[in-house]
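Chain by chain, the residues run as shown.
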Amino acid sequence: MAVKYRYLKNVVTLEMDETKCNGCGMCIDVCPQEVFTLIEKVSAITDRDACMECGACARNCPSQAISVRAGVGCAYAVLMDKLNIKGKCCGDVCGCSLDNIPEH
Amino acid sequence: MSKEMTRLPMVDDRQSVSCCADEQPAGSYGDPADANWVTGQLQTATGPVCRVATSLDRKDLLGTLKTRCSFGRMNYRIPPALYAVGKPDSDSPVLVSANYKLSFDHLRRELAGLNLWILVIDTKGINVWCAAGKGSFGTAEVVRMVDVSGLSELVSHRTLILPQLAAPGVAAHEVRRRCGFKVIYGPVRAVDIPAFLNAGCKAEAAMRRTRFALADRLVLAPVELAGMIIPLALFSAALFLLNLAAMLIKGDPFSFLTLPVKTFFDLAPFFGAVLVGVVLVPALLPYIPGRALAWKGWVLGMAWALAYSFIANPTAGWLQTAAYLLAIPAITAFIGMNFTGSTTYTSLSGVVKEMGTALPLIIISAGLGLIALIAVYFV
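Residue numbers (the working numbering), protein chains in the order written: chain A, 1108 to 1211; chain B, 50 to 428.
In short, the hints are calculated from the structure, not lab data.
From a predicted model like this one, the values you see are computed outputs, not experimental measurements.
Beta carbons: idealized from backbone N, C-alpha and C, even for Gly.
Check each hint, because a few of them may be wrong.
As the list claims (entries may be wrong) - List of simulated lysine-lysine pairs, DSBU-like, C-alpha gap at most 35 Å:
| no. | chain 1 | residue 1 | chain 2 | residue 2 |
| --- | --- | --- | --- | --- |
| 1 | B | Lys150 | A | Lys1127 |
| 2 | B | Lys311 | A | Lys1111 |
| 3 | B | Lys150 | B | Lys299 |
To be verified - Derived contacts from chain B toward chain A, CB cut-off under 8 Å, selection only:
| no. | residue |
| --- | --- |
| 4 | His206 |
| 5 | Arg207 |
| 6 | Thr208 |
| 7 | Tyr234 |
| 8 | Phe261 |
| 9 | Leu288 |
| 10 | Ile337 |
| 11 | Pro338 |
| 12 | Gly339 |
| 13 | Arg340 |
| 14 | Ser396 |
| 15 | Leu397 |
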């Protein structure tokens, strides 16, 4: 099995209101990092530190039970944003494309 | 803190973040029927639909190679439209994809022998993941293309299969509400699509995970190296001038032969640092201790600086050694930190935290290293 990469601990902004969850399992389907597990028909965050804050779960939750400050975990993009330089990302200099995963 | 946070790309204002923007005027495409990847036309109730090849030809592969080497990377796109694979009918599945040619090529070469529709939406030539992140692969564009393509008259079912990595941009329940089509998220990788379809549109857990193997980590190295050419050229010119100035000031006898040779040897540890940062850090990523990518870069850079100073260049003075030990790990730490954008697992919060610690240290270390490096030439 492929390694599961671990990034920094206790930093992500992912929150889940389990009382709102309707158990549809959409968050489990869309999460590329296996953050959620369905426990007794309610989704639970079982691996928070694996979250990469892509925002797929929150966007696809029909009952708005999930919140996360979604964004791209790209230092270059953050740097360009802080320096207020626009339009340099995903261009020739940026590797944030993730072209490397087929079907992207 | 909160003020800074609000300036970072967030879900709600993704449409306005011009991060990846490079918008070409619409209608700049040629006729897709003439494209090398179109094998003919299928006559349908709503008009002709181009049938696409499920294998890549020489022209496709050449295009991929050029794109990988960062030439014309931003203008490698196909016209948004409905396409056919094989002989699809009204019951055939509909796959939705981005109009980045590389994404489209990845998809179609996995579809040999299948009969289905591909709805290519306009993501401005950006791949699925990036486009979903900034909203151009979004709910509105999917709904728009469903409408424009006349899909509801062409197929009897009401199901769209989207790549899983489009999910950050598309709200499945919103698509259904707005155009009546149910969204099913397919596997992360195109290679799993036949198995996914065979299983009745069910993705196994393994198909839902991103993969970040050695080849995935290194595929962007050529683009990154290409990006280093200008900084390295400027640095080379600076070292050349430093050598020239030092020789003139010290009154050393010099020739036009020793000057470039000396500059070349002065550059070697820094060329090495760039290769360590761009190639070795991604290659050894899972095996380097620690979690922060700047730290991983620093570790390998320090190893290279130590190896160079004490093995390749043991006669160097303390100032030269100090310059290398300060400047080289700073360079590799910075390159490592920037690799966060190429990974499949780093979060924005983590990157912001990592940068807060690493960036000041990198700047101090690089600054001191640079001072020491310049001083070496004049003492």
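Each hint, compared with the structure:
1. Lys150/B - Lys1127/A: Roughly 40 Å between the alpha carbons, so the hint for Lys150/B and Lys1127/A is violated.
2. Lys311/B - Lys1111/A: Measuring from Cα to Cα gives roughly 45 Å; hence the hint is violated.
3. Lys150/B - Lys299/B: violated, 58 Å
4. His206: Violated - the Cβ of His206/B stays beyond 8 Å from chain A, reaching only about 19 Å at its closest.
5. Arg207: violated, 17 Å
6. Thr208: violated, 14 Å
7. Tyr234: holds, 5 Å
8. Phe261: holds, 6 Å
9. Leu288: violated, 23 Å
10. Ile337: Hint violated; Ile337/B Cβ to chain A Cβ min 12 Å, cut 8 Å.
11. Pro338: Since chain A brings no Cβ nearer than about 12 Å to Pro338/B, farther than 8 Å, the hint is violated.
12. Gly339: At about 10 Å, which exceeds the 8 Å cut-off, the nearest Cβ of chain A leaves the hint on Gly339/B violated.
13. Arg340: Hint holds; Arg340/B Cβ to chain A Cβ min 5 Å, cut 8 Å.
14. Ser396: Check passed: Cβ of Ser396/B comes within 4 Å of chain A, closer than 8 Å.
15. Leu397: holds, 3 Å
Violated hints for the displayed structure, listed by number in ascending order: 1, 2, 3, 4, 5, 6, 9, 10, 11, 12.
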